[in-house]
Structures are given as C-alpha cells and as structure tokens.
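Student: Please construct the entire structure, taking both the sequences and the accompanying hints into account.
For the sequence shown, position 203 (counting from the first letter as 1) is numbered 213 according to the numbering used here, and the numbering increases by one without interruption.
Hints are computed from structural coordinates only; laboratory data are not their basis. On a predicted model such as this, the values are computed, not experimentally measured, just so you know. The C-beta atom is built at its ideal place from N, Cα and C for all residues, glycine as well. Incorrect hints may appear among the rest.
As the list claims (entries may be wrong) - Cβ-Cβ distance ranges computed for the label pairs, FRET-style:
| no. | residue 1 | residue 2 | range |
| --- | --- | --- | --- |
| 1 | E42 | G299 | 36 to 46 Å |
| 2 | A313 | E21 | 15 to 25 Å |
| 3 | R173 | E20 | 52 to 62 Å |
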Amino acid sequence: MREGLLIRLEEDGACGWGEAAPLPGFSRETLEEAARDLRALAAGGDPAHACSSARFAFELARLNLESSSSGRPLHALLSPHPAEEVRLCGLLEGPLEAVLSGAEGMREAGYAAVKLKVGRADPEEEAALVGELSALLGGVQLRLDANRAWSFGEALRFCRAVRGVPIEYLEEPLFEAGDLPLLAEETGVPLALDETLREIEPEDLARCRHVRAVVLKPTLLGGLSRSLAFAREARRIGAVAVASSSYESGIGTLGLLTLAAALGEVPAGLDTYRALGEDVLEDPLPLAGPRVDVAALLGEEHAVRVDPLEEVAA
11 MREGLLIRLE EDGACGWGEA APLPGFSRET LEEAARDLRA LAAGGDPAHA
61 CSSARFAFEL ARLNLESSSS GRPLHALLSP HPAEEVRLCG LLEGPLEAVL
111 SGAEGMREAG YAAVKLKVGR ADPEEEAALV GELSALLGGV QLRLDANRAW
161 SFGEALRFCR AVRGVPIEYL EEPLFEAGDL PLLAEETGVP LALDETLREI
211 EPEDLARCRH VRAVVLKPTL LGGLSRSLAF AREARRIGAV AVASSSYESG
261 IGTLGLLTLA AALGEVPAGL DTYRALGEDV LEDPLPLAGP RVDVAALLGE
311 EHAVRVDPLE EVAA
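Tutor: Right under this line is the structure:
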C-alpha cells in the first residue's frame, strides 16, 4: 500500500494542495520525517533544511495556491512557454508474453516511447528480448532502466549484445556509477541518470558529458525548481530531461505534468499512475493513453476526496 502526506495551504478563500510521498527503498526520508519537515515549512522554515518530498509538496502547494488565487493554470506559472500537450511513455511489465503484447498495443495506440526494466536476468538473454522488442516497436523509442543492477562486466556484456539496436537510452546500468563514463566510451550506448542525480548538484552535470538523458523525479530530487535546474544543466551538455513519477497520487502527478509541460516535447514517464487502485482525487486523471491535453487538464479544478484522509496537523 502506498502512503503519503497531503498539505493544504489556504489564503483569502483560495486553496493549494501538495503531496509528500517518500518512496520506500529510494527516498532517504521516512514518512514521519516528511511530516516533521512539512510542519516546519508551514511555520516559515527554510526549505533548504527540509527533506526532498516535503520540499516538493510545499512548493507544489504554493504553486497551486497561486494558481487558485490568480486564475492562471499551473503550468503557466512554472514556465513562460509550456507545452499544451504532453506525450506519455508507456511502461512494459510482467512476463515475456505480457511485455510483447503490451508493446504491440502501445505501438498501435500511438505511443512515442516505452520503457522496460532490465537487470533482472542474464544480460545476453535480456539483450535478445530487447532486440525482439525493438523490431516489434518499429519507430517507437525504447528506454531501458537497470536500476544500478549490474557490475561493469555484466553491463558491458549487455551493451555489446544490443549493439546496433536503436535504444533511446539505458538508465543507471551500474551499481558503481563512477564507471559510467568508461561504459559509454567503450560501448557507445546512450546513458541516462536517475539515482545519481540525488548524489550530485545540478552544476555537476557539466562533468557528465557521457550522459544523454536525465530522469527527473521531484519527490526524490526536492521539488520542481530543483528539477528544472537539472534540466537547464542537462541541455548545456546536449542531454534531454525527462519528467518521471515516484508512484504519486493524482495531486503529485498534476505537479509532474506541470514539469513535463515545462520540459517540452519529451515523453514523460508517468505510467505508474495506472498502478493506483484508488486516488485521492474524486475524478482520476486521464493518463491511460499516449498523450494528454495538459492545458485543459491543468485548467480544470480537481476536487480532493477529504473523507478518507486522516488529519495529522492543522
């Protein structure tokens, strides 16, 4: 079961919601620590001293409050020229048959990109699946994510086995991230950073010229502004920036759509929203297809189901 905290800011009849949902196994803070930091932020504390999920929640709540007060849609507050439509990246999961049938369905539905987790089986066996998947997808971009599963030798075997297969990027293949430049040099496979971003500052990307993409998760990075700082530095080294989720509810996901609109045409990794059995929003977000009219969606009011919520502070 996914747990999280919601914060609501009110001013002159306007209201703004934010979400702090530390992701077990990835976030450094606990839910209790996030709650403590949210209380401090609500009392005027310095965001620099707060944990990542609390910073994201408070920043999103303030943006939503400003949107409610001004009547301007959320994405117009984050970027002067946001995209009106956001393309979505489909997530492939399950056994081989489900992955292949899912890929075929996403290709036919018009998805521009799909993502597959790797690093769970023999590198050569997974490379064979990637080759088969690429042929099935046609022109659909293929993203791979190893979640730091491999040694350098295992990653080298995989990358050599997929040589010639069109891959948009391979995300975090090594549990020793310091060897990523050498892997890129020896194989030419485009690499992406996710976990590594939590260990560096945005300006450190200037030394990461081997990187072709950065995967931005505001819950884990510490908010929308910090995510945009990474995006700006990524562009300076010729890398793309991808908005991605950490299994947030609809409230947090609306913030991620705002980030995706600010980043432009790059398909966003928000397909985990489908994993929610129930949302805190009265009406679930329409994220079941390959694209979303973000201008229309962020221009609407989204009612929150307050009855199931337990108040922990006022």
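Student: Quick check: which numbered hints come out false for this structure?
Tutor: none
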